[in-house]
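S.K.: Residue-level listing of the chains:
Number of protein chains: 2
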Amino acid sequence: MLTAWALAAPAPAAAQSPRPEWTIATDAAFDASSIAPYEGRHDRVYARIDRDLDAHLAQLQRWVRQRSISAQDDGIDAMAQLVADDLRELGFQEVEVVQTPGHPGVFGHYDAGADRTLVVYMMYDVQPVEENWRIADPFAGELVDHELGTVLMARGATNQKGPQRAFLNAVGAILQEHGTLPVNLYVVAEGEEELGSPNFGAVIEPYLDRLRDADGAFFPMNIQMPDGSVALNLGVKGIIYFELEARGGDWGGPAKAEVHGSLKAMVDSPALRLVQAIASMTSADGNTILVPGYYDAVRPPSDEEQRLINGLARRADDAALQKAFGVSRWIDGMRGRDAIVRNLFDPTLNINGIWSGYTGEGMKTILPHVATAKIDSRLPPGLEPEDAYRMIREHLDAEGFEDIALRRLSGYPAAATPVDAPLVQAAIGVFNRYDASPRVAPWLAGSAPFYQFTRTLGLPFVFGGLGHGAGAHAPDEYMLVRPAEGVKAAGLAEIEKSYVDLLYALSEAESD
Amino acid sequence: MLTAWALAAPAPAAAQSPRPEWTIATDAAFDASSIAPYEGRHDRVYARIDRDLDAHLAQLQRWVRQRSISAQDDGIDAMAQLVADDLRELGFQEVEVVQTPGHPGVFGHYDAGADRTLVVYMMYDVQPVEENWRIADPFAGELVDHELGTVLMARGATNQKGPQRAFLNAVGAILQEHGTLPVNLYVVAEGEEELGSPNFGAVIEPYLDRLRDADGAFFPMNIQMPDGSVALNLGVKGIIYFELEARGGDWGGPAKAEVHGSLKAMVDSPALRLVQAIASMTSADGNTILVPGYYDAVRPPSDEEQRLINGLARRADDAALQKAFGVSRWIDGMRGRDAIVRNLFDPTLNINGIWSGYTGEGMKTILPHVATAKIDSRLPPGLEPEDAYRMIREHLDAEGFEDIALRRLSGYPAAATPVDAPLVQAAIGVFNRYDASPRVAPWLAGSAPFYQFTRTLGLPFVFGGLGHGAGAHAPDEYMLVRPAEGVKAAGLAEIEKSYVDLLYALSEAESD
Chain A
43 MLTAWALAAP
53 APAAAQSPRP
63 EWTIATDAAF
73 DASSIAPYEG
83 RHDRVYARID
93 RDLDAHLAQL
103 QRWVRQRSIS
113 AQDDGIDAMA
123 QLVADDLREL
133 GFQEVEVVQT
143 PGHPGVFGHY
153 DAGADRTLVV
163 YMMYDVQPVE
173 ENWRIADPFA
183 GELVDHELGT
193 VLMARGATNQ
203 KGPQRAFLNA
213 VGAILQEHGT
223 LPVNLYVVAE
233 GEEELGSPNF
243 GAVIEPYLDR
253 LRDADGAFFP
263 MNIQMPDGSV
273 ALNLGVKGII
283 YFELEARGGD
293 WGGPAKAEVH
303 GSLKAMVDSP
313 ALRLVQAIAS
323 MTSADGNTIL
333 VPGYYDAVRP
343 PSDEEQRLIN
353 GLARRADDAA
363 LQKAFGVSRW
373 IDGMRGRDAI
383 VRNLFDPTLN
393 INGIWSGYTG
403 EGMKTILPHV
413 ATAKIDSRLP
423 PGLEPEDAYR
433 MIREHLDAEG
443 FEDIALRRLS
453 GYPAAATPVD
463 APLVQAAIGV
473 FNRYDASPRV
483 APWLAGSAPF
493 YQFTRTLGLP
503 FVFGGLGHGA
513 GAHAPDEYML
523 VRPAEGVKAA
533 GLAEIEKSYV
543 DLLYALSEAE
553 SD
Chain B
43 MLTAWALAAP
53 APAAAQSPRP
63 EWTIATDAAF
73 DASSIAPYEG
83 RHDRVYARID
93 RDLDAHLAQL
103 QRWVRQRSIS
113 AQDDGIDAMA
123 QLVADDLREL
133 GFQEVEVVQT
143 PGHPGVFGHY
153 DAGADRTLVV
163 YMMYDVQPVE
173 ENWRIADPFA
183 GELVDHELGT
193 VLMARGATNQ
203 KGPQRAFLNA
213 VGAILQEHGT
223 LPVNLYVVAE
233 GEEELGSPNF
243 GAVIEPYLDR
253 LRDADGAFFP
263 MNIQMPDGSV
273 ALNLGVKGII
283 YFELEARGGD
293 WGGPAKAEVH
303 GSLKAMVDSP
313 ALRLVQAIAS
323 MTSADGNTIL
333 VPGYYDAVRP
343 PSDEEQRLIN
353 GLARRADDAA
363 LQKAFGVSRW
373 IDGMRGRDAI
383 VRNLFDPTLN
393 INGIWSGYTG
403 EGMKTILPHV
413 ATAKIDSRLP
423 PGLEPEDAYR
433 MIREHLDAEG
443 FEDIALRRLS
453 GYPAAATPVD
463 APLVQAAIGV
473 FNRYDASPRV
483 APWLAGSAPF
493 YQFTRTLGLP
503 FVFGGLGHGA
513 GAHAPDEYML
523 VRPAEGVKAA
533 GLAEIEKSYV
543 DLLYALSEAE
553 SD
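Protein chains in written order, with the working numbering: chain A, 43 to 554; chain B, 43 to 554.
So here's chain A without its partners, still in its complex pose:
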């Protein structure tokens, strides 16, 4: 179902760098506003949404009031049950709580007898709660006055219970008015997204053959900014996340505990070994990966991706982005399209954390016996996690760092959906209807295990939607439900109506 990637020949790499030069061979640019706005009208459903909005908001509050912190196993089983009960209440004919080696998932099927079928991905778990919220209880589901308007401020308000329950409100409104849905729905929900989705495969495994027959998968998400703008990413990079650890042992160095720092003239230093091992993996500026073969598997931008990149480049604002991140320049002084291409197509190697020995004030003179680094590498399409791990291990061994342990914490491949998939076209048409013509990127430089949809299930996959929220993984998480005057992001009613439109637009789209 995915468009075959057209291969553009890459320019020869600079002699001193294995980093490829990516060629953009076309001036054509994708423009989302060229796609016709969705024009269907579902006034009875819209009117019900407006009429029932308080009750709909109460449903969001009910969801965020149920604790479901996966990392602390706090409220998980109750939340899984709540999701399952809500699906049954809506009329899903088949609902199962699916046991896994970790937290349970939820499977639901609404068979509308329709031609089109949509898989809806949900995560019912939330992050732990930090200190310093402006509200007393992040699980109280309070409505709070915010500069952007009235917001639902709670853990999970935007990540991800708010938009998910809003989607189910839209489904409910259609069912109440019309007694059925324009598309068949599968819901697959997991309770471990905040843990890296280690068992999501086990949630969908019993249903793979059924899910593969769907026409696409969707993850409801608030991706609108207060000015109304929307960025639509058609996929994500993959990732490997691992720890490298140097520890004294048979090769040398202290094995049991730190020793006095003065012994360095006789004793190997695990900390220096780790530093040398990591250093061997990149150029001196830290920006080119020197692991042999690491760039070879990355495929160059396809024609479609080149057009998407050109479209993004027209709206690129490096200065604003750099300011937002507190960065003075991109690496190598890149700007505009060059930066966009590198951000999408270059694999990365990044130290997330490193630690060894004494890290307090002043001086303590020790030679630590262990040194550890957390490292991630983002994988563009083509670079497989297993290959990335293998190349890194082979590189370390070839450089003489057999003593460095490599502990795998995560690994999954990239995911991407072609822009001409009916589900994508339908989503853009709906955005355009609400004056929110999106910036469309081939994928996000960040990572999520969405390959489960694009690759395991072979489905086009869209994650997004109208609406605004912030504070995921942070204090004062909120979802905007009633925008203030002048704020252009959608409120709850408009969000729900757009979900209604999306379901109908998908049902009406031409087959690909």
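It is worth saying that the hints were derived from the structure and are not from the lab.
Every value quoted in this text rests on a predicted model; they were computed, and no experiment measured them.
Treat the hints loosely; a few may be bogus.
As the list claims (entries may be wrong) - List time: in silico BS3-like cross-link candidates among lysine-lysine, alpha-carbon distance up to 25 Å:
| hint | chain 1 | residue 1 | chain 2 | residue 2 |
| --- | --- | --- | --- | --- |
| 1 | B | Lys365 | A | Lys406 |
| 2 | B | Lys530 | B | Lys365 |
| 3 | A | Lys365 | B | Lys406 |
| 4 | A | Lys298 | A | Lys406 |
| 5 | B | Lys298 | A | Lys365 |
| 6 | B | Lys365 | A | Lys298 |
As the list claims (entries may be wrong) - Here are a few chain A residues that sit away from chain B, every Cβ distance over 12 Å (derived from the structure):
| hint | residue |
| --- | --- |
| 7 | Asp73 |
| 8 | Ala78 |
| 9 | Asp94 |
| 10 | Leu95 |
| 11 | Gly117 |
| 12 | Asp127 |
| 13 | Glu136 |
| 14 | Val139 |
| 15 | Pro224 |
| 16 | Asp255 |
| 17 | Arg356 |
| 18 | Pro464 |
| 19 | Ala512 |
Note that beta-carbon positions come from the ideal geometry of N, C-alpha and C, so glycine has one too.
Fit chain B to the supplied structure of chain A, relying on the hints for placement.
M.R.: This is chain B only, laid out in the frame that chain A set:
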């Protein structure tokens, strides 16, 4: 007063390594047992020590019961006053509490009208107190049954109040029996040794001209092992201790806070920069320093040092030492004399600590904006701290790491005393009398600011003495005061008698 160093020509360095090969051109070996045991008898003083031993032990207890934690400014002024009062009580004609920019020092002078003069260095501060002592109160000065015998268990018991007050007990016993001392004494005490002696120069500065006229300096210390053996080090390596820090800024990278790890394709990583900068300073095994010029200033072993090294090599036990440290091998598989020479003559570069970003459990995907390492370098004689700092900064700049900050935390040169100095010969003679013929090393691979004695004052300097203690900077610090049957380390009475002997031996030694 220091013996001129005879220069032996070094062998050419291996082509791939700037690390010099040190040549030992003689088979002659220094043997401390060849020095005649001290034979003087001071029976009246010994008898008084035996008679007053309980009172002497009470003096040690009185000292450890006075808190004096320099890092926490806990009891510091009271302890300085206590030291000054004790010197006056003993009969020192001149006693001053010396103000400095930090904690005060104490200066005392006992003018015996003798030909010889000894400077006694003391530190009256102690380390902070950890948890998990086997006694309730580390400042109670309790006597505790220990497998080695009766010990005084307290913070400061061996580091350094115990041996210092034992020395003053010996001084007191001589004065009580004979009304004067065989040598004149200066006491210079500081309250910041545990902080790296930042103001010890200010303590001695007003007295430099008087102190320079002394014949040597002495630091009472328990350096005996339970089997009776003694290692006498004639000096210490110097040290520089610094932090390297990479922080996002004009050169690139996030300046204000961490950013999302997926940005690595566009954003420079301060953590990778720090790793690359440190890596550039050593060979891949972490054992050869690649900072240009770093080995050039180190002078090769003199004839005397070669003889000392040969003497040490005859008693070297690599396996036992490695076992004690939990190390399987010395670097490059060195053994015996080779390891001893490298340990004494090679400068080191050692990571004491390194930290950046997320260091907790599991995964957090960030690109940290700051990365820091604590690094020390031990400096053999010839390599000056200022030169070492300059070469490291020049190296970083030449390698393109101008953005890496170098923060100096400490720096002082090596110190060494020739083995034929009368004070050293006197000390060895006293050790030999007590069947504790020492292993004599040119210097310790560790560091202390003893250059203040050897270089600022130009005096031979001995730190040591009979007696055993352990737990400096750790829980259950103790000094052995009444050895159990079979334990050969000296008890308090014998320690004090050996100090009496040392003062007389020095007064009787031939002039150099």
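S.K.: Are the Cα positions of Lys365(A) and Lys406(B) separated by 25 Å at most?
M.R.: Holds, because 23 Å separates the two Cα atoms, which is no more than 25 Å.
S.K.: Between the alpha carbons of Lys298(B) and Lys365(A), is the straight-line distance 25 Å or under?
M.R.: 10 Å, holds
S.K.: With d taken as the least Cβ-Cβ distance between Asp127(A) and chain B, does d exceed 12 Å?
M.R.: Holds, because the least Cβ-Cβ distance between Asp127(A) and chain B comes to about 31 Å, which exceeds 12 Å.
S.K.: Does Pro464(A) really sit off the interface, with its C-beta more than 12 Å from all C-beta atoms of chain B?
M.R.: 29 Å, holds
S.K.: Just double-check Leu95(A) for me: nearest Cβ-Cβ distance to chain B has to come out over 12 Å.
M.R.: 34 Å, holds
S.K.: Would the pair Lys365(B) and Lys298(A) pass a check requiring their Cα atoms to be no farther apart than 25 Å?
M.R.: Distance ~10 Å between Lys365(B) and Lys298(A) Cα, so the pair holds.
S.K.: Would the non-interface assignment of Asp255(A) survive a Cβ cutoff of 12 Å against chain B?
M.R.: 33 Å, holds
S.K.: Minimum C-beta separation from Arg356(A) to chain B exceeding 12 Å: can you confirm that?
M.R.: 18 Å, holds
S.K.: Given the hinted pair Lys298(A) and Lys406(A), is their Cα-Cα distance within 25 Å?
M.R.: 18 Å, holds
S.K.: Does the claim that Ala512(A) lies outside the interface with chain B hold up, using a Cβ gap greater than 12 Å?
M.R.: 14 Å, holds
S.K.: Would you check whether the claim that Asp94(A) is not at the interface survives, using Cβ distances to chain B and the 12 Å cut-off?
M.R.: Non-interface label stands for Asp94(A): nearest chain B Cβ at 38 Å, farther than 12 Å.
S.K.: Taking the shortest Cβ-to-Cβ distance between Ala78(A) and chain B, state whether it exceeds 12 Å.
M.R.: 33 Å, holds
In the structure shown, no violation is registered for any of the earlier numbered hints.
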